[in-house]
Amino acid sequence: MKYFLSTCIIVLMFFSCSEKKEKIYPEKMPLTESVYASATVQPDSLYQAYSIVMGILDKNWVEEGDKVTKGDRILQITNTSPQLNMENAKLALQLARENYSGRAAVLSSIKDEIQAAELKLKNDSINYFRQKNLWDQNIGSKVEYDTRKLAYELSQNNLNLLKKKYSQTKNELETQLRQAENNYQTSLTTTNDFTITSKIDGTVYALYKNPGEIVNTVEPVAAIGRSDKFIVELLVDEVDIVKLKIGQKVLITLDSYNSEVFEATLDKIYPRKDDRSQTFKVEALFTEPPATLYPGLSGEGNIIIAEKEETLTIPKEYLINGSKVLTDNGEIEVTVGLQNLESMEILGGIDEKTAIYKPEP
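For the sequence shown, the positions run 1 to 361 when the UniProt record's numbering is used.
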């Protein structure tokens with residue numbers, strides 16, 4: 001009697017446990033395998049603007065959210081000393097130009113001296129050769145002949161010296177003018193260093209300094225990016241990065257747009273891993289972006305790496321050790337394929353008529 005009761009209890013326990021196991025059958029359905037990534041929206045060509053000089057911020061020419069074009073002024077740093085240097089360089093340049101080609105040009109006075117010397121040489125030449133002809137005919141005195149000859153030779157030497165002086169002075173003035181122009185351009189560049197301008201057409205998204213604060217060369221002073229084009233920055237785990245290729249479809253959900261899904265295309269893969277987060281950064285471009293976007297909007301992305309319109313699948317929770325399922329005949333080895341967060345593709349080992357059971361935790 002005791003043996004009969006024990007057998008009944010064992011049988012009841014077996015059937016009770018069997019009834020508790022969840023049984024399903026594999027189903028054919030569409031399956032998409034994707035790589036998950038955290039997403040952040042950023043303006044295209046976003047960059048941090050830095051100053052190459054140190055000083056006190058004098059003025060913000062724009063406000064956050066303002067549209068700018070390339071070359072527009074963003075911030076002004078106090079530049080009293082460079083401004084004075086520029087004015088001095090400008091005055092020196094004006095003086096050099098005046099000396100070289102202005103009304104009071106030094107070369108003009110030397111030209112006048114050359115013209116006077118040429119006239120004197122011509123006159124002394126006439127007197128000398130006239131006296132020489134007379135002396136050759138034994139007419140006149142030797143003293144008078146020597147005097148005319150000396151005057152002629154002195155006029156020749158004087159004219160030659162003036163021409164050399166003209167050439168040398170011209171070279172010196174040209175050099176001074178070029179130096180003055182270079183100094184002025186340098187002073188302009190130095191002055192421009194104190195005015196931070198936009199490098200692109202876009203929007204000022206951030207200003208990090210207020211007038212009166214110290215500006216250095218280490219901290220950024222502004223953030224500027226495109227207004228008409230946004231990118232999606234995605235952080236991908238290192239185990240998934242090898243599955244990605246340029247051109248793959250990306251499905252984006254943003255917290256600001258609830259459950260709405262936006263389609264994008266993988267556009268860039270950065271080859272360097274972030275050692276702190278153990279992730280790789282990739283970028284995607286919206287196919288049809290949302291109507292309104294702001295820098296820093298966050299969400300999630302799923303990068304599609306494979307799709308099948310119909311395939312045999314089971315829930316992932318019914319898989320044992322990654323390659324087995326529990327059936328009426330015990331554990332059976334299966335061949336798996338694509339997978340997503342919920343389902344796993346079955347390529348072989350069971351079919352639609354095979355009942356499988358959820359393994360006990």
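Calculated directly from the structure, the hints in this document are not laboratory data.
These numbers come from a predicted model, not from an experiment.
Errors might be hidden in some of the hints.
Stated by the list, open to error - Here are the simulated lysine-lysine pairs, DSS-like style, with alpha carbons at most 25 Å apart:
1. K132 with K122
2. K59 with K281
3. K281 with K245
4. K229 with K308
5. K268 with K281
6. K308 with K243
Verification of the hints:
1. Straight-line distance between C-alpha atoms of K132 and K122 comes to about 15 Å, which keeps the hinted pair within the 25 Å bound.
2. Only pairs whose Cα atoms come within 25 Å are accepted, and K59 paired with K281 is rejected, the gap being roughly 36 Å.
3. Proposed proximity of K281 and K245 is supported: the alpha carbons are some 13 Å apart, at most 25 Å.
4. Between K229 and K308 the CA atoms are separated by roughly 32 Å; this puts the pair beyond 25 Å, and the hint is violated.
5. The suggested pairing of K268 with K281 holds, with an alpha-carbon distance near 9 Å, which does not exceed 25 Å.
6. Taking the CA atoms of K308 and K243, the gap is near 17 Å; set against the 25 Å cutoff, the hint holds.
Checked against the numbered hints above, the structure violates hints 2, 4; every other hint is satisfied.
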